[in-house]
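Put together the whole structure using the sequences plus the hints.
In case you want the letters, here they are:
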Amino acid sequence: MVETTAALEAQDVSKRYGDVPALAGVSLIVATGSCVALVGESGSGKTTLLRCFNRMVEPDSGRVVVGGTDVSARDTGELRRSLGYVQQDAGLLPHWSVLRNVAMVPWLCGRTEADAVASRALDMVGLPVEDFGDRWPRELSGGERQRAAFARALAGEPGTLLLDEPFGALDAITRVDVQRTFARLREEMRITVLLVTHDLREAFELADEVAVMRAGRIEQVATPAELRATPATPYVRELLEKAGVA
Amino acid sequence: MKRGMRARLVCTWLMAVSFFPGAVRALGAQTDRSIVVATKPFAESFILGEMFAQLLEARGFAVERRPGLGATQIAFDALRRGDIDVYPEYTGTGLLAILGENPPPTGEEAYRRVAEAFRARWGVRWLPPLGFENTYAIAVRSSTADSLGLSTLSDLAREGGVLIAGFSPDFIGRADGLPGLRAEYGFEPREVRALLQAVKYQALEAAEVDVIDGYGTDGQIARYGFTVLRDDRQFFPPYDAAALVGSSLAEERPAALAALTELSGRLDEATMRELNRRVEVDGEDVAAVAHDALSVLGLVGPGGRVESGSVGRDGSLLAYLWSRRAETAGQARRHLLLVALSMIAGILVAVPLALFLERVRAAAEGTIRAVGLLQTIPSIALLAFMIPFLGIGVAPAVAALFLYSLLPMVRNTYTGVRDADPAAVASARALGMSELQLLRYVRLPLAAPVIMAGVRTAAVINVGTATLAAFIGAGGLGDPIVAGLALSNTRMILSGAIPAAVLALLVDGALSVAERSVTPRGLGQR
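So the protein sequences, as listed, match chains A and B. So in my numbering the end of the first sequence lands on 274, straight run, no missing numbers. So in my numbering the end of the second sequence lands on 1519, straight run, no missing numbers.
Because the hints were derived from the structure by calculation, they are not lab data. Check before you lean on any hint, since a few could be wrong.
[To be verified] Facing chain B, a subset of chain A residues (Cβ under 7 Å, in silico):
#1 84
#2 105
#3 108
#4 109
#5 113
#6 115
#7 117
#8 119
#9 121
#10 122
#11 123
#12 133
#13 136
#14 164
Bear in mind that the values here come from a model prediction, so they are computed numbers and not experimental data. We treat Cβ as the ideally placed atom computed from N, Cα and C, and that holds for glycine.
Now the structure itself:
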């Protein structure tokens, strides 16, 4: 593994829901500026792991570190505002205009230029503020909503984005569009990304490293090329074959 | 006897229709100078109470009227607390319903017993009886009496097997009603039908039934010319009418007591029956009938006769409603005041309570169920429960309406906030909104239409329920409904019920505008 500073780090993290172990001693490092994809079936623990980083989930044991600090020592609000977040169904506030939605994080941080920051973010995701700023979320298409959600995540100027199936609900053509925009932004902004997806092709396309999860554990973390070349377990091999990326 | 019957009739109607109450005039503020004269909600009580009031006024006392208090329990509790000073009551009711004792066989003994017990226990005085007795009267069509040779209840028992009885539900159930008739006389009718007061007389006239329970001074029995059968075994307990006077008036205003006593022994059954007939059958104004009665007795001068209600029973309903417009407006204002006060209090409690429950969800279902239990308490009972704490008038009415308003507002606020757009709430939380900010900027705005819908439901229900407030002297549009029920005056009932319905529609309309205005624009048109 490449030795760089870690933007995100999980050390032996476990979490149970009742009798069901969601995470069973998971360790993961996301290097600054890299994009790591968490892949696996439903219930493999990938979303739970993602949510440990912004304290939407509190682990039972283990250590979670963001930007060099243990998250348990950080104020949750401040921590979350410092991490961009996009979920599958956008989750824009339906009673706020697109601009106000995108300006939310800078506004929460008390920044006076929140709207200007939000306008720039909208421009970056291809939603010019003069056309989209005053619209209601329900007036946007699915792809536009998801772009707006990216703009909202970026407007806080976070060093790290946590993405939970952000392309999962889009139709094939729109998905490719939004993925391209995302790839371009990542390039331009040199932002750290942890991406949860069940789509191995998407992971291979967008991520520097892919962590394959199964039943609360990480089976293998490697670059796409290494995964193809040397799948660590029969499960990983089978997964690659099923996805047609082997 | 009739008071029980009437109360029961009224309660049945309450349950059937939904809710409503009333009294004839707007209730002024109570001053310590005025003597508060109350009545129970039936014609005879209205007439006697009005006679008390006019007599007191003729002797120079200021009087405040509170006609139509819901039932014996409500009127007597109010008297005991000193909220009212006097109302007409019956010795048998005092014994059975208040003391819970079996009446002795004679009227004199019954009177002595209640006079003694009430004075000792509560300092409440029974003035000497007015002179007439008003107990159950079993009536048949005169043709039936002739053909079967009926003149006593013993005769009735002999012929019972061929007769259909139409009795009030009250009479069928109570020990001094049908069960007692069965036991004492061996009366077994061919069939018993439960009939409400309002239809009993017509049913007998139309030969749908053959025998009914009326009461001694019944105006309707006289109207139809039915034959009352003599209680030859003196089974029915004595029910002598008398003024029941609260302790403070009795102790501090001997002159008022003396004035009221002028009526003692002056009214016989025939006179009372005639007065009841004029009000119940002819639809004459209570105040005018009471004035006539007092002037015939020489207790007030013939002058200054109270003007009888401008439009008689013959004018159109619209003309009648129009003639009452000033009174109706005053009652509507009072009605709105009751609703507004209770709703404001309800909102101030329900919304914070629901927000708290949303934070402590383990307690939510149990608490909401408990609030829901309040809804199952019959309105008239809840109003009666309030009297020992809050007396009669506006305070207990507002308190009861407040309790009824809670459920829809607590439930809607709770579910509205809990279920507000989960994806939006989750993403806003993940991006760093605090729980308080989530509530303020996301959940409350998104829940606003649902919360307003709860407020709207509560307000419309309250407009209906507030008509019941008349039973505890709080006024409002229930006043003419209670009075109209008591006097068998449909138009008077409608003069309260129609404005109440209109008011409910207006309140609903106004709140639907409010609901739209709090609906966030981004949610689109509902």
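Hint by hint, here is what the structure shows:
no., hint, in the structure
1, 84, "6 Å, holds"
2, 105, "5 Å, holds"
3, 108, "4 Å, holds"
4, 109, "3 Å, holds"
5, 113, "4 Å, holds"
6, 115, "6 Å, holds"
7, 117, "5 Å, holds"
8, 119, "3 Å, holds"
9, 121, "5 Å, holds"
10, 122, "5 Å, holds"
11, 123, "3 Å, holds"
12, 133, "6 Å, holds"
13, 136, "6 Å, holds"
14, 164, "4 Å, holds"
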